[in-house]
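*Asks:* Below are the chains, spelled out letter by letter.
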Amino acid sequence: MLKYTGPLTLAVILGLSNSAFAGDPVAGEKRFHESCHACHGPAGKGASSYPKVSGNSIEYTRDKLKAYREGQKFGPNSSLMIMMAKPLSDEEIENLSAYLKDAKYKQ
Amino acid sequence: MKHLIKKSLVTSAVSVLALSGSIAYGAGMDVPMIKVTPVLEGLESPWDMNVRADGTMFYTEKCKGLSMRSPDGTVTNIYGMNGSSGYASAGADLFCEGQAGMMGVAADRHFDQNRRLYVASTSNKYHGSGCKTNFERCDGNIVMRLTLSEDLKSVVDRTDIITDIQYKPFESNQPFGGPGAHNGGRLRVGPGGYLWVAGGDRHRGVCPQSPTLLCGKVLRVDTDGNAHPDNNPPEGFDKRIYTYGHRNVQGIDFRPSDGKAFTAEHGPWHSDEITALVNGGNGGWDPQQNTAGRGECPDEYCGYMPEQMDGMDPAVRASFMPMSDTRFDDLMHPTWNNNGWSQGTSSAAFLKGENWGIYEGRLATGVLGIGFGGTPIGQRIDMVSITPDGLGINGITRMPLGFSKRFRGLVMAPDNSLYVAVDEGEIYQVTATSMQ
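Protein chains in written order, with this note's numbering: chain H, 82 to 188; chain L, 57 to 492.
Just chain H, same shape as in the assembly:
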């Protein structure tokens, strides 16, 4: 009996862990409207000189936002993104990543 407990516990922990960090696209959309919409446009479609940020994988958006939060630069307007990403929590980054993956612009 005992010999099955370990893997089972691990599976439960992994399951819980995944669930705990799965982004909430609804919360992500709300956060997007607070901080991102004005520059990147509705549903992250891009606007003017601000690039499109929707349609990327969750991993891509998560990694980029975390890198900006740490102060890394990727292009000439990185300073803006570093400033905007600074206050984001891990949970908010997960939520934004989940929302932007499938966000679609409806006029």
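Treat the hints with caution; some may be incorrect.
What the hints assert, rightly or not - Below are the DSSO-like pairs computed for lysine-lysine, each with C-alpha atoms no more than 30 Å apart in a straight line: (1) L:91 / H:111; (2) H:126 / H:167; (3) H:133 / H:111; (4) L:188 / H:126; (5) H:133 / H:145; (6) H:167 / H:147; (7) H:126 / H:147; (8) H:182 / H:147; (9) L:295 / L:181; (10) H:185 / L:91; (11) H:182 / H:133; (12) L:295 / H:154; (13) L:91 / H:187.
If you're looking for bench data, these hints aren't it; they were derived computationally from the structure.
Chain H is already provided as a structure; the job is to place chain L on it using the hints.
*Replies:* For chain L alone, kept in the frame of chain H given last:
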């Protein structure tokens, strides 16, 4: 009985007062019905429009080029940027980068006879050897005079009438530090048929107060690009300059009652401004380093200082790096400063026609919406009632559109409707109907 008569009189008096109040209210307050209709959708950063009496609309897309929408809705792509496809012809020298690209469009006052349009764009044709760094002259913003074919579907002649407005070629250490920053770019034909060109400081500290560089200026020229004979800039200045000391002017129009020019201008994280222009006047923007008590600044540009990478109280920032520095004797004091906030004022157009009711004569001002450091984003079109002397406002009403977008381009059409371009990719027609 006496009591009843007294009561009746009082009631009548109340009724008369109520009626007269109602009549007075109705007579004095013609609040028009405002309706919004999409004209074009799915565009790529539409920037500016010009609408003809028959409903033909010319419009620019920042990275694509100049197009025309015919009254039947057909779209013709007339003149493209380098690399654009589907246009009748293209300018190999025209390019877009960051905020720069094809921007303002205006029609000659005799367009119906000469088919001439004026278009502002970035171009590499006149760079010469001056664009190797950000700290030298780099002529990269131009104004073209395009003559269209009789069917208006192609360009038969292009003459570059202004070729020496500066451009920012490289990244710099600023929050919006990419190349192509701050070009202004709005064009309008004003009283007498003269062309007005609104400019930006291209992130170079010396630009706005320089007597010879055209960055950070508003120009008034004839249709060949020559200075208006009555321009009155300070001695030693380029005579094409009408006003100087500007940051990034994307809105310009002329008050219908007296022809006076007003600009709308982005502020540097504080103080968006509307300004009544004075011939030869100074907008008061001077982001040079080692000036006005400031020391050295990143890449010799103090425009976002202090603490340019962090949000801070706009009033504190304004005291360090004012939009309208009162140390200048020839300062044009702003009409309005958005309560000290910068939310990104863009285009502006005076509402013409009785159909606008109580809003007739107000300056419709588009706000892109930029909310850093706790500033509300504020995407909207304001209808600003300006005092007769141009030095203040009577009040502001938000245009009831039912949506918020990045309002980039506003222009009146001959039928007294307002055309509105938004960065999201649409152009709308806003009509107003008097309720009297």
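*Asks:* Now look at each hint and say whether the structure bears it out.
*Replies:* A quick look at each hint next to the structure:
no., hint, result
1, L:91 / H:111, "holds, 29 Å"
2, H:126 / H:167, "holds, 22 Å"
3, H:133 / H:111, "holds, 18 Å"
4, L:188 / H:126, "violated, 33 Å"
5, H:133 / H:145, "holds, 13 Å"
6, H:167 / H:147, "holds, 9 Å"
7, H:126 / H:147, "holds, 21 Å"
8, H:182 / H:147, "holds, 16 Å"
9, L:295 / L:181, "holds, 23 Å"
10, H:185 / L:91, "holds, 26 Å"
11, H:182 / H:133, "holds, 12 Å"
12, L:295 / H:154, "violated, 43 Å"
13, L:91 / H:187, "holds, 20 Å"
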